[in-house]
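Asks: In the order they appear, the protein sequences are chains A and B.
Converting from the first sequence to my numbering requires adding 1419 to each position, the first position being numbered 1.
Converting from the second sequence to my numbering requires adding 1419 to each position, the first position being numbered 1.
Please note that a few of the clues may not be correct.
Intra- or inter-copy, both count: the list cannot distinguish identical chains.
Within a straight-line C-alpha distance of at most 30 angstroms, the following computed DSS-like cross-link-like pairs (lysine-lysine) qualify [said to hold, decoys possible]:
1. K1710 <-> K1463
2. K1531 <-> K1706
3. K1536 <-> K1710
4. K1536 <-> K1463
5. K1710 <-> K1581
6. K1710 <-> K1778
7. K1706 <-> K1778
8. K1787 <-> K1710
9. K1706 <-> K1495
10. K1706 <-> K1463
11. K1581 <-> K1706
12. K1531 <-> K1429
13. K1644 <-> K1531
14. K1527 <-> K1495
Bear in mind the hints are in silico, worked out from the structure with no lab data behind them.
This structure is a prediction, so every number in the text was calculated from the model and none was measured.
Protein chains: 2
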Amino acid sequence: MTTSPFTLYKQSTQCAARRGQVATNHGTFQTPVFMPVGTQATVKGVTPDNLHDIGAEIILGNTYHLYIRPGHELIKEFGGLHDFMAWDRPILTDSGGFQIFSLRDLAKITEKGAAFKSHLNGSDLFLSPEDAVMVQEALGSDIMMCLDTCIPYPATRDETRKSTALTARWARRCREVQNRETGQLLFGIVQGGMYADLRQEAIDDLLEIGFDGYAMGGLSVGEPKDMMLDMTEQTAALMPKDYPIYLMGVGTPEDLMEGVWRGVDMFDCVMPTRNARNGMLFTSTGKVVIKNAQYQRDQRPIDEACSCYTCRNFSRAYLRHLYMAHEVLAANLNSIHNLHYYVGLMAGIRRAIEEDRFKEFRQEFYAKR
Amino acid sequence: MTTSPFTLYKQSTQCAARRGQVATNHGTFQTPVFMPVGTQATVKGVTPDNLHDIGAEIILGNTYHLYIRPGHELIKEFGGLHDFMAWDRPILTDSGGFQIFSLRDLAKITEKGAAFKSHLNGSDLFLSPEDAVMVQEALGSDIMMCLDTCIPYPATRDETRKSTALTARWARRCREVQNRETGQLLFGIVQGGMYADLRQEAIDDLLEIGFDGYAMGGLSVGEPKDMMLDMTEQTAALMPKDYPIYLMGVGTPEDLMEGVWRGVDMFDCVMPTRNARNGMLFTSTGKVVIKNAQYQRDQRPIDEACSCYTCRNFSRAYLRHLYMAHEVLAANLNSIHNLHYYVGLMAGIRRAIEEDRFKEFRQEFYAKR
Chain A
1420 MTTSPFTLYK QSTQCAARRG QVATNHGTFQ TPVFMPVGTQ ATVKGVTPDN
1470 LHDIGAEIIL GNTYHLYIRP GHELIKEFGG LHDFMAWDRP ILTDSGGFQI
1520 FSLRDLAKIT EKGAAFKSHL NGSDLFLSPE DAVMVQEALG SDIMMCLDTC
1570 IPYPATRDET RKSTALTARW ARRCREVQNR ETGQLLFGIV QGGMYADLRQ
1620 EAIDDLLEIG FDGYAMGGLS VGEPKDMMLD MTEQTAALMP KDYPIYLMGV
1670 GTPEDLMEGV WRGVDMFDCV MPTRNARNGM LFTSTGKVVI KNAQYQRDQR
1720 PIDEACSCYT CRNFSRAYLR HLYMAHEVLA ANLNSIHNLH YYVGLMAGIR
1770 RAIEEDRFKE FRQEFYAKR
Chain B
1420 MTTSPFTLYK QSTQCAARRG QVATNHGTFQ TPVFMPVGTQ ATVKGVTPDN
1470 LHDIGAEIIL GNTYHLYIRP GHELIKEFGG LHDFMAWDRP ILTDSGGFQI
1520 FSLRDLAKIT EKGAAFKSHL NGSDLFLSPE DAVMVQEALG SDIMMCLDTC
1570 IPYPATRDET RKSTALTARW ARRCREVQNR ETGQLLFGIV QGGMYADLRQ
1620 EAIDDLLEIG FDGYAMGGLS VGEPKDMMLD MTEQTAALMP KDYPIYLMGV
1670 GTPEDLMEGV WRGVDMFDCV MPTRNARNGM LFTSTGKVVI KNAQYQRDQR
1720 PIDEACSCYT CRNFSRAYLR HLYMAHEVLA ANLNSIHNLH YYVGLMAGIR
1770 RAIEEDRFKE FRQEFYAKR
């Protein structure tokens, strides 16, 4: 077994929500936490200074993208991803599994690993579980993820069982090849599709190997929202409680609220930054589609309850003008706001759990929308 | 006559360069000065906070663009351009003349004003000299420019004389219609093409009316560099010395150096921000084209002599990666650097003039390149 990086501060008496902390090479972060996604060694539209101001404690980098461009060896020359992108707080890197899965026809999965073609120039590439760890060690991330095989929805029980078993064998190879001297954490990924008993088997397999944290993969891949929440609840309940629990690639503010309720500690999603670039802004009372004519002369900030740089300085009318004029500042200011909303929502959730009033917090959250 | 907003601190004994200050409704700015261009109520790629950090003292807004979108009346509702874009230091607005001139076939100039078609939707628009002042008064800029007719290069003496005379008649109409109560300054624009005697006539006409400052227009419109500098020198020499002298739309770092040498106090140009977006970076030793393969593994900042946010935190290799990956952060970081370079160059020029060693400063500037 391994020493857990997770410290539990408070278990809600109202639900499975919990308030904790994860220790890494680049300091600790408080959970439940939302991790902004920095696909190509940058969280799109914001500077590291912006992320500090927003209060982001940990970000996510994409192994697949960095492996292809600029390459993990180049990043290693610069002292790793932290130094390369000037971010001094924790970084979690995914394994590349989900991106390769997303390539579909361009990828071929075998026992040995994943053969795929670069989305940039079509060149033939190959990533084994061992490669995925080696690449993430070169990147120097604080939390590495095992290479997994992602299961589409819908999938038959047989497909799901085979794919999940392969993920478990790959997980063992990842753990075995990992250099334990670096202090980098390695998380296992629980697959199992929409079959609770296969999720249980996946957890058992991973626990036998032993990881520094456990992630739920293969959710929010097209299944109905109810099924996603139900599977999250069932899987989270089966997870070991003395390690961090991470729900990968999820989701909306409502998804975060429901994930925390069911015991999830960590989340990541491109939604706040991607939607920002498309002019869709999150507020405590719902969504604002900034291009709408109703905002043309609206002197209010995006969210009157928000203290971000954007809301402190700019009106909806100005942000609408920037968006309509295709100004790059629109992406900056909208991304700052949406990330601040997500990070601030998690800070509110953490305080509510500490004070054992998360149930009430969740009710107020929905009542305002 | 009018009271000049200009205070002369130091006249170089080495050349026509001078060190001064201009007082406006939103405070003073030090000259010689470079004004970053904020065409659509935003200096492309940077926030107002970035501009403060860079040390920008005054920015330029484009009347033509703001008139078309979002409209001067909307901006007036927000308390003017300063409040709309959250910039609390001085703003100079151009008159729209140059942009209308740039539309060429879409514009028709008559005694009354300029009829033109919107570049956005082709709708018919009209701007008289009186309209140009009215629009700039609505924008609430600190320095307004008279509507002028820009003369192409080459142009015959007859064309140039007629166009310059029309600019003078328009200037009188601008001055007469201006509301003097607002404290907004109004600058006249000296045309005259490449004919020094017509430039002299233009100055005489403007001086008879009396303005708060005098600009040289119609330079850097395609004429050879030598001719531009020669015409700048001849025109600047004829300008009244107790008012600010502004060379419109110029230029490269070398152009700024030569303009100051010849007595110019104010400059604006899209070059630092436009080139930044195209990956062309200015340094004390020359240009860096960041996409070039030679920077792929270059761990140095853009300019080791630079103290901007970009150079303090990021390598050439990282900036190259962002540019190649089409990341929006490339535009931000490159724009911050290039504007810092321009603004910093002017700060160095001001110190050199104060210490009466501008000649040596200029020699060192060229020696490093």
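Asks: Run every hint past the structure and note whether it holds.
Replies: Taking the hints in turn, this is what the structure says about them:
1. K1710 <-> K1463: both (20 angstroms within a copy, 19 angstroms between copies)
2. K1531 <-> K1706: neither (45 angstroms within a copy, 48 angstroms between copies)
3. K1536 <-> K1710: Between copies only: 24 angstroms across, 37 angstroms inside.
4. K1536 <-> K1463: So K1536 and K1463 pass the 30 angstroms test inside one copy only (24 angstroms; across, 36 angstroms).
5. K1710 <-> K1581: Intra 47 angstroms, inter 45 angstroms, cutoff 30 angstroms: neither.
6. K1710 <-> K1778: neither (35 angstroms within a copy, 52 angstroms between copies)
7. K1706 <-> K1778: Within one copy only: 23 angstroms inside a chain, 59 angstroms across chains, cut-off 30 angstroms.
8. K1787 <-> K1710: Within one copy only: 23 angstroms inside, 48 angstroms across.
9. K1706 <-> K1495: between (40 angstroms within a copy, 28 angstroms between copies)
10. K1706 <-> K1463: both (20 angstroms within a copy, 27 angstroms between copies)
11. K1581 <-> K1706: Neither: 41 angstroms inside a chain and 57 angstroms across chains, both beyond 30 angstroms.
12. K1531 <-> K1429: neither (42 angstroms within a copy, 76 angstroms between copies)
13. K1644 <-> K1531: neither (34 angstroms within a copy, 64 angstroms between copies)
14. K1527 <-> K1495: within (28 angstroms within a copy, 60 angstroms between copies)
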